[in-house]
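Student: The primary structure of each chain is shown beneath.
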Amino acid sequence: MSEKPRVAFFDFASCEGCQLQVVNLEEALLDVLALVDIVSFREAMKEHSDDYDIAIIEGSITRPIDVERIKKIREQASILITIGACAHLGGVQRLGNQWTPEENKAEVYERHPGSEITKGDDNPFFAQPRHRAVSEVVKVDATIPGCPIDSQEFAKVLIALLTGKKLPIPDYPVCVECKKNENICVFELGGFCMGPVARAGCGAPCPTHGGECEACRGYVDHPHTQAHAEVLKKYGLSPDEIMTKRTMYNYRDHEDKEEGSQ
Amino acid sequence: MSEININVEHLTRVEGHGNIVLNAKDGTVEFVQWQVSEAPRFFESFVRGRPYTELSHITSRICGICSIGHSLASLKATEAAMDIQISEQTRILRKLATHAENLQSHILHVGYLVAPDLLGAPSVIPLASSHTDAVLTIVGLHRLANEYSNLICGRTVHPVSLIPGGFSHIPSEKQLKEMKQKWIDAIPNVVAVAEIVLANAHKLPDFNRETEFIALTADDDYALYDGDIGSTDGGRWPVEQYLDITNEFVVPHSTAKYTKHKRDSYMVGALARFNLNYDKLGPLAKEWAGKFGLSPVNHNPYMNNVAQLVEIVHSIEDTLAQIDKLIEMGVDVNERPKFEVKAGRGIGAVDVPRGILFHDYTYDDKGICTKANCIIPTNQNHNNINLDFQAFAPTILDKPEKEIELLLEMLVRAYDPCISCSTHYLDVQWKR
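If you're matching them up, the sequences are chains F and L in order.
For the first sequence, numbering that gives the first Met the number 0 assigns the number 0 to the initial residue and increments by one for each residue that follows.
For the second sequence, numbering that gives the first Met the number 0 assigns the number 0 to the initial residue and increments by one for each residue that follows.
Read the hints as simulated data drawn from the structure, not as lab findings.
One should not assume that every hint holds.
Facing chain L, from chain F, some residues (calculated, C-beta under 10 Å) [as the list claims (entries may be wrong)]:
no.: 1; residue: L19
no.: 2; residue: E26
no.: 3; residue: F40
no.: 4; residue: M44
no.: 5; residue: E67
no.: 6; residue: G95
no.: 7; residue: V107
no.: 8; residue: C146
no.: 9; residue: I148
no.: 10; residue: C205
Below, in silico cross-link-like pairs of lysine to aspartate or glutamate (EDC-like), each with a Cα-Cα straight-line distance of 20 Å or less [said to hold, decoys possible]:
no.: 11; chain 1: L; residue 1: K261; chain 2: L; residue 2: D219
no.: 12; chain 1: L; residue 1: K202; chain 2: L; residue 2: E402
no.: 13; chain 1: L; residue 1: K365; chain 2: F; residue 2: E240
no.: 14; chain 1: L; residue 1: K179; chain 2: L; residue 2: D331
no.: 15; chain 1: F; residue 1: K138; chain 2: F; residue 2: D252
no.: 16; chain 1: L; residue 1: K401; chain 2: L; residue 2: E146
no.: 17; chain 1: F; residue 1: K71; chain 2: F; residue 2: D49
no.: 18; chain 1: L; residue 1: K370; chain 2: F; residue 2: E109
no.: 19; chain 1: L; residue 1: K341; chain 2: F; residue 2: D50
no.: 20; chain 1: L; residue 1: K370; chain 2: F; residue 2: E106
no.: 21; chain 1: F; residue 1: K45; chain 2: L; residue 2: E408
no.: 22; chain 1: L; residue 1: K365; chain 2: F; residue 2: D49
no.: 23; chain 1: L; residue 1: K173; chain 2: L; residue 2: E146
no.: 24; chain 1: L; residue 1: K370; chain 2: F; residue 2: E101
no.: 25; chain 1: L; residue 1: K181; chain 2: L; residue 2: E29
no.: 26; chain 1: L; residue 1: K176; chain 2: L; residue 2: D205
no.: 27; chain 1: L; residue 1: K337; chain 2: F; residue 2: E187
no.: 28; chain 1: L; residue 1: K370; chain 2: F; residue 2: D252
no.: 29; chain 1: L; residue 1: K398; chain 2: L; residue 2: D205
no.: 30; chain 1: L; residue 1: K181; chain 2: L; residue 2: D205
no.: 31; chain 1: L; residue 1: K401; chain 2: F; residue 2: E46
no.: 32; chain 1: L; residue 1: K181; chain 2: F; residue 2: E26
no.: 33; chain 1: F; residue 1: K45; chain 2: L; residue 2: E404
no.: 34; chain 1: L; residue 1: K181; chain 2: F; residue 2: E25
no.: 35; chain 1: F; residue 1: K165; chain 2: F; residue 2: D220
no.: 36; chain 1: F; residue 1: K45; chain 2: L; residue 2: E400
no.: 37; chain 1: F; residue 1: K45; chain 2: L; residue 2: E402
no.: 38; chain 1: F; residue 1: K71; chain 2: F; residue 2: E135
no.: 39; chain 1: L; residue 1: K324; chain 2: L; residue 2: E87
no.: 40; chain 1: L; residue 1: K259; chain 2: F; residue 2: D49
Ideal Cβ positions, reconstructed from N, Cα and C, are used throughout, including at glycine.
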């Protein structure tokens, strides 16, 4: 019997790109394998065991069957880690929570033959609740944010967990890393950026490649959202446009506020 | 009296969730089915209300493995809707992006997901000990393909440099030259992997079922980034007519929509492209097809794995040629798109690693998306997989149950399905 911690990967509603980022560790993945035994990783291996210590979860929690599945995983695992924006925030698909499940189904299916079977909630698997983050359903011990996750950050967090060190997830905004890359500020270039409130750790790849930060890693612990909104307004964004900008990955924040005000 | 009951829930070493069910009694198949149980996300619904600048970023999240392909199809749809023209430099860089993704995705599939079946291992992890050199070679090629994607697209999973009208970041001539040299140096490694697959190719079942193959096709190119819709049953259509080809419909045992054209089903992907566009392959790619005895039109779905290998070689050959073309033109790293936002509907098609992909958007005059339709390669293959099952399963019932299971798993895996891409809803009232 091996003494190494046993690790299992599980995915829910997602693109599986974060698990791919684990595979994308390439040769370094072999080093990770020296520290842990991967006992389940459906995307990459046929071997499977339900005896694991660490569960790594990708994807948002969507249906009652998914809730049951994640609860079982939580019961088994001593440590539960989420990877990526779907598990962390509910993912871009959380934008679908603006509509009811029936409205979403109608938009996607009604034009096709056979679509009548998609209607209603007769099938318990088909009764679709809203997209939720894993932490809204079970306790999460560590969160690796990002869409997708950064491969190197994944390795660092796993090693920190195994050695009992503080998790190396920064609590400062993406602007810090963007400045380190010596980029001209997105606002100065005429763009609109979430960098001032978004959590760093990604190395700011989007502004560095001529894009804008979309806050896929969520916000820092105490984001100055009001000040950021003022900046966006100053640079010409309407209140609607500011809301669009914020909700791409952080619709949860908006949803919570809506529910809180009701 | 013999009974066979196979139920492979959540098939492994594929992207997404699917099940295989086979019930047979006394040598007769009573029931066989490929089921798709992936959780739905409803992209076509929730992109409504989002600005055109976000569309390729959002729809890229349909799939982690083919996020570059989704981005490109998305951008082409947006550009068609707004009459945005792209430069020759952008066109070539996007071709490089399709090659980078094809290389990354095919190496992952052939090297990490299929090779274990051929070498008799449950996954690549035990192979790291038993076939260390081969695994390290494959890992090295996969790393290079990702480095290539990073260079062209800014990031390999969910690209950042691909934007409406062009690129927000362009690699330098020096970087492109270095990338070209790396692929030249990698050719012996690709050949080494191909030799291993060739030595084990006899383990791929000789199963043939005539079907229709659909892929992009072009006069002057092995079509990946651009072309018309072509069929091995004859016919060529502009991509704007895609709805006449795909004819989506809904079935109870699959959370993904099904498609059909002239027959009951059709196949897309590397084998479809090979069958339609063989003449346009590079010389080394053709040489390797010959070594495997692969020639068009081939109706064995297991040979999709070999077609992917042939395409790996082709994508390297064309990468070298396209980089030369860019260098000859001179790379303008400061080129940025200029266009006006306007209302309209546009359709974009790209042939991505798993086959032909369509995005179709309608925008209002502010560039806000009001309607979207995405038809994903794996959707188009599910029906063909099911019909393959029905034809193939009765011919292998004399084999041990474990072997039947493996052969059916290998059949699904050969299609390299990307199930989370293809899935819209779930209905698994499954009682048999």
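Student: Hint by hint, note whether the structure agrees.
Tutor: We went through each hint and held it up to the structure:
1. L19: holds (5 Å)
2. E26: holds (6 Å)
3. F40: holds (8 Å)
4. M44: Holds, because the Cβ-Cβ distance from M44 (chain F) to chain L comes to roughly 3 Å (cut-off 10 Å).
5. E67: With Cβ-Cβ at 13 Å, over 10 Å, it is violated.
6. G95: holds (4 Å)
7. V107: Holds - the Cβ of V107 (chain F) comes within 10 Å of chain L, reaching about 5 Å at its closest.
8. C146: At about 6 Å, which falls below the 10 Å cut-off, the nearest Cβ of chain L leaves the hint on C146 (chain F) intact, so it holds.
9. I148: Where the cut-off is 10 Å and the nearest Cβ of chain L is about 9 Å from I148 (chain F), the hint holds.
10. C205: Since the shortest Cβ distance to chain L is 5 Å, the answer is holds.
11. L:K261 - L:D219: Between K261 (chain L) and D219 (chain L) the Cα gap is close to 27 Å, so the pair fails against 20 Å, i.e. violated.
12. L:K202 - L:E402: holds (12 Å)
13. L:K365 - F:E240: holds (12 Å)
14. L:K179 - L:D331: This hinted pair holds, its Cα atoms lying about 18 Å apart.
15. F:K138 - F:D252: holds (19 Å)
16. L:K401 - L:E146: violated (39 Å)
17. F:K71 - F:D49: holds (10 Å)
18. L:K370 - F:E109: Holds, because 14 Å separates the two Cα atoms, which is no more than 20 Å.
19. L:K341 - F:D50: violated (56 Å)
20. L:K370 - F:E106: It holds: about 9 Å lies between the C-alpha atoms, which stays within 20 Å.
21. F:K45 - L:E408: Cα-Cα ~11 Å, so holds.
22. L:K365 - F:D49: Roughly 51 Å separates the two Cα atoms, so the pair is violated.
23. L:K173 - L:E146: Measuring from Cα to Cα gives roughly 15 Å; hence the hint holds.
24. L:K370 - F:E101: holds (17 Å)
25. L:K181 - L:E29: Violated - the C-alpha atoms of E29 (chain L) and K181 (chain L) are around 53 Å apart, more than 20 Å.
26. L:K176 - L:D205: violated (42 Å)
27. L:K337 - F:E187: holds (18 Å)
28. L:K370 - F:D252: violated (26 Å)
29. L:K398 - L:D205: Status holds; Cα separation ~15 Å.
30. L:K181 - L:D205: violated (36 Å)
31. L:K401 - F:E46: Holds, at roughly 15 Å.
32. L:K181 - F:E26: holds (18 Å)
33. F:K45 - L:E404: holds (12 Å)
34. L:K181 - F:E25: holds (17 Å)
35. F:K165 - F:D220: holds (16 Å)
36. F:K45 - L:E400: Status holds; Cα separation ~17 Å.
37. F:K45 - L:E402: holds (15 Å)
38. F:K71 - F:E135: holds (15 Å)
39. L:K324 - L:E87: Roughly 10 Å separates the two Cα atoms, so the pair holds.
40. L:K259 - F:D49: violated (39 Å)
Comparing the model with each earlier hint shows violations of hints 5, 11, 16, 19, 22, 25, 26, 28, 30, 40; every other hint is respected.
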